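Protein chains: 2
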Amino acid sequence: MIITIGREFSSGGRELGRKIAEELKIPYYDKEILVEISKKTKYSYGYIEHFGETKPMPLFPVKLGVSFSNEKTDANLALSLDIFEATKAILTDLAKKGDCVIIGRAADYILEEFKPLRIFVYASMEYKIKRCREKGQEDDVSNLTDRQLARKIRSIDRQRRDYYEFFSGKDWGDRLNYDLLINTTDLDIDSLAKQISGEIKRKK
Amino acid sequence: MIITIGREFSSGGRELGRKIAEELKIPYYDKEILVEISKKTKYSYGYIEHFGETKPMPLFPVKLGVSFSNEKTDANLALSLDIFEATKAILTDLAKKGDCVIIGRAADYILEEFKPLRIFVYASMEYKIKRCREKGQEDDVSNLTDRQLARKIRSIDRQRRDYYEFFSGKDWGDRLNYDLLINTTDLDIDSLAKQISGEIKRKK
Chain E
0 MIITIGREFS SGGRELGRKI AEELKIPYYD KEILVEISKK TKYSYGYIEH
50 FGETKPMPLF PVKLGVSFSN EKTDANLALS LDIFEATKAI LTDLAKKGDC
100 VIIGRAADYI LEEFKPLRIF VYASMEYKIK RCREKGQEDD VSNLTDRQLA
150 RKIRSIDRQR RDYYEFFSGK DWGDRLNYDL LINTTDLDID SLAKQISGEI
200 KRKK
Chain V
0 MIITIGREFS SGGRELGRKI AEELKIPYYD KEILVEISKK TKYSYGYIEH
50 FGETKPMPLF PVKLGVSFSN EKTDANLALS LDIFEATKAI LTDLAKKGDC
100 VIIGRAADYI LEEFKPLRIF VYASMEYKIK RCREKGQEDD VSNLTDRQLA
150 RKIRSIDRQR RDYYEFFSGK DWGDRLNYDL LINTTDLDID SLAKQISGEI
200 KRKK
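Residue numbers (numbering that gives the first Met the number 0), protein chains in the order written: chain E, 0 to 203; chain V, 0 to 203.
Bound-form chain E, shown alone (with noise of 0.2 angstroms):
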């Protein structure tokens, strides 16, 4: 059983996905996949933390297929596709081993043939600002205003939405590439990982 966990960002899915793991006993996948990466590329980690999620940009020279690209563009193009191409091998390699729970990176998508349980979570965006306060999963939150947080969340969900769509083709967060959609807002994560994993228990 592969699980694979989209999630908005500060939607709790990192949380989520790292206690189902705990309960079913089964490797958990995360910034793990960021040290392989840097291993098996050139690229170092702080590097990939920064580029692993998002798309190529910029488009145009690829998507019009016009020749006016520069070094920069074909160098950011080539670092996005040796990341994706490295993310691929390494999920691959992972779920070949067993039982795992892969977070982010269109594990879903690049996966498709173990047939994971596909899960998306999300929030409203007043849970997100109020879990990433109490989190503080970044360090420059306290000096932000409740609106340049949420400025700061949803640009990251672009990036993660870009990413997505980009490899995949497909609509990130939508559910017809799901299994199961959860909006975690005002939810206790833990007793919800205790439910999802009680009930991958009983169908084993």
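Rather than coming from a laboratory, the hints here were simulated on the basis of the structure.
Careful: at least some of the hints might be erroneous.
As the list claims (entries may be wrong) - With a straight-line cut-off of 30 angstroms between C-alpha atoms, the simulated DSSO-like cross-links for lysine-lysine are:
(1) V:24 / V:39
(2) E:200 / V:39
(3) V:202 / E:200
(4) E:24 / V:193
(5) V:24 / V:87
(6) E:200 / V:129
(7) E:193 / V:202
(8) V:39 / V:114
(9) V:169 / E:151
(10) V:193 / E:202
(11) E:200 / V:24
(12) V:95 / V:30
(13) E:96 / E:38
(14) E:134 / V:203
(15) V:129 / E:203
(16) E:203 / E:114
(17) V:203 / V:134
(18) V:203 / E:129
(19) E:151 / V:114
(20) V:24 / E:193
(21) V:24 / E:134
(22) E:114 / E:129
(23) E:129 / V:200
(24) V:129 / E:114
(25) E:203 / V:200
(26) E:193 / V:200
(27) E:24 / V:202
(28) V:203 / E:193
(29) V:193 / E:114
(30) E:129 / V:114
(31) V:134 / E:202
Note that the coordinates shown come from a computational prediction; the quantities given were computed from them, not determined experimentally.
Fit chain V to the given chain E structure using the hints.
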């Protein structure tokens, strides 16, 4: 606790709703709503069953504000609006009476102020066709090829989408309008109902 269930045709939404209601020992409203609408308006049950979950057609005169409407158009529009107003009044009455499960009819939108648990149920076309043949909800199903049946299913869903979007102004089946979206493909509706109602009981 009001539970609303939006659903693709033949995805098992009605069965899921009925079983959740049974588990929770609360009323379940589906066709019952049509009876009430029929009582509250001058339209027959059959008429409402046919027109009750469709959008007013054609929309041109209304949208463009141009007066090339004719009697038939005006009558259709009036009918749809009448039925929608009656639906609103009835659903609000039912929700005020207490906990219940309501199927379709943009109840999630109409009953927004009651903060319902908003579920949306969908499935693969292959599964919906299989289910439709097994359940035999439609008399003439056996005479249809898979292709014809798929067209029929899509057409019913298009009506539901149009109804929902016309009256709510929101996207039918878009995660942002729901708390939980479940792909029922190959799932056991019975155990799904038990799981969801179990969680609702636990929270109360």
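Hint-by-hint comparison with the structure:
1. Distance hint between residue 24 of chain V and residue 39 of chain V is fulfilled; the C-alpha atoms sit about 27 angstroms from each other, no more than 30 angstroms.
2. Taking the CA atoms of residue 200 of chain E and residue 39 of chain V, the gap is near 49 angstroms; set against the 30 angstroms cutoff, the hint is violated.
3. With a C-alpha separation of about 22 angstroms, the suggested pairing of residue 202 of chain V with residue 200 of chain E holds against the 30 angstroms cut-off.
4. Simply put, residue 24 of chain E and residue 193 of chain V have alpha-carbon atoms about 25 angstroms apart, close enough for the 30 angstroms limit, and the pair holds.
5. Proximity of residue 24 of chain V to residue 87 of chain V is assessed by CA-CA distance (about 24 angstroms); at most 30 angstroms being required, the pair is judged to hold.
6. About 27 angstroms separates the Cα atoms of residue 200 of chain E and residue 129 of chain V, which keeps this hinted pair within 30 angstroms; it holds.
7. This hinted pair checks out: residue 193 of chain E and residue 202 of chain V have alpha carbons roughly 14 angstroms apart, not beyond 30 angstroms.
8. Among the hinted pairs, residue 39 of chain V with residue 114 of chain V is consistent with the structure: their alpha-carbon atoms are about 25 angstroms apart, no more than 30 angstroms.
9. Taken as a hint, the residue 169 of chain V and residue 151 of chain E pair is honoured in the structure, with Cα atoms around 25 angstroms apart against an allowance of 30 angstroms.
10. For the hint pairing residue 193 of chain V with residue 202 of chain E, the CA-to-CA distance comes to about 14 angstroms; that is within 30 angstroms, so the pair holds.
11. A C-alpha spacing of about 28 angstroms is found between residue 200 of chain E and residue 24 of chain V, which places the hinted pair at or below 30 angstroms, so the restraint holds.
12. With a C-alpha separation of about 19 angstroms, the suggested pair residue 95 of chain V and residue 30 of chain V falls inside the 30 angstroms cut-off, and the hint holds.
13. For a cut-off of 30 angstroms, the pair hint linking residue 96 of chain E to residue 38 of chain E stands: about 18 angstroms separates their Cα positions.
14. Restraint check for residue 134 of chain E and residue 203 of chain V: the C-alpha separation of about 27 angstroms stays at or below 30 angstroms, so the hint holds.
15. Taking the CA atoms of residue 129 of chain V and residue 203 of chain E, the gap is about 24 angstroms. The hint holds against a cut of 30 angstroms.
16. At roughly 15 angstroms between alpha-carbon atoms, residue 203 of chain E and residue 114 of chain E fall within 30 angstroms of each other, so this suggested pair holds.
17. With a C-alpha separation of about 34 angstroms, the suggested pairing of residue 203 of chain V with residue 134 of chain V is violated against the 30 angstroms cut-off.
18. Only pairs whose Cα atoms come within 30 angstroms are accepted, and residue 203 of chain V paired with residue 129 of chain E is accepted, the gap being roughly 24 angstroms.
19. As the CA atoms of residue 151 of chain E and residue 114 of chain V are separated by approximately 28 angstroms, the hinted pair is consistent with the 30 angstroms bound.
20. At most 30 angstroms may separate the alpha-carbon atoms for a hinted pair to count; residue 24 of chain V and residue 193 of chain E meet this at roughly 25 angstroms.
21. About 39 angstroms separates the Cα atoms of residue 24 of chain V and residue 134 of chain E, which puts this hinted pair outside 30 angstroms; it is violated.
22. For the hint pairing residue 114 of chain E with residue 129 of chain E, the CA-to-CA distance comes to about 34 angstroms; that exceeds 30 angstroms, so the pair is violated.
23. Between residue 129 of chain E and residue 200 of chain V the CA atoms are separated by roughly 27 angstroms; this keeps the pair inside 30 angstroms, and the hint holds.
24. Distance check on the hinted pair: residue 129 of chain V and residue 114 of chain E sit about 20 angstroms apart at the alpha-carbon level, within 30 angstroms; holds.
25. Pair hint residue 203 of chain E plus residue 200 of chain V holds up; C-alpha atoms about 25 angstroms apart against a cutoff of 30 angstroms.
26. Proximity of residue 193 of chain E to residue 200 of chain V is assessed by CA-CA distance (about 16 angstroms); at most 30 angstroms being required, the pair is judged to hold.
27. Between the alpha carbons of residue 24 of chain E and residue 202 of chain V the distance comes to roughly 26 angstroms, so the proposed pair stays at or under 30 angstroms and holds.
28. Pair hint residue 203 of chain V plus residue 193 of chain E holds up; C-alpha atoms about 18 angstroms apart against a cutoff of 30 angstroms.
29. Distance check on the hinted pair: residue 193 of chain V and residue 114 of chain E sit about 25 angstroms apart at the alpha-carbon level, within 30 angstroms; holds.
30. The straight-line distance between the Cα atoms of residue 129 of chain E and residue 114 of chain V is roughly 20 angstroms, inside the 30 angstroms bound, and the hint therefore holds.
31. At most 30 angstroms may separate the alpha-carbon atoms for a hinted pair to count; residue 134 of chain V and residue 202 of chain E meet this at roughly 24 angstroms.
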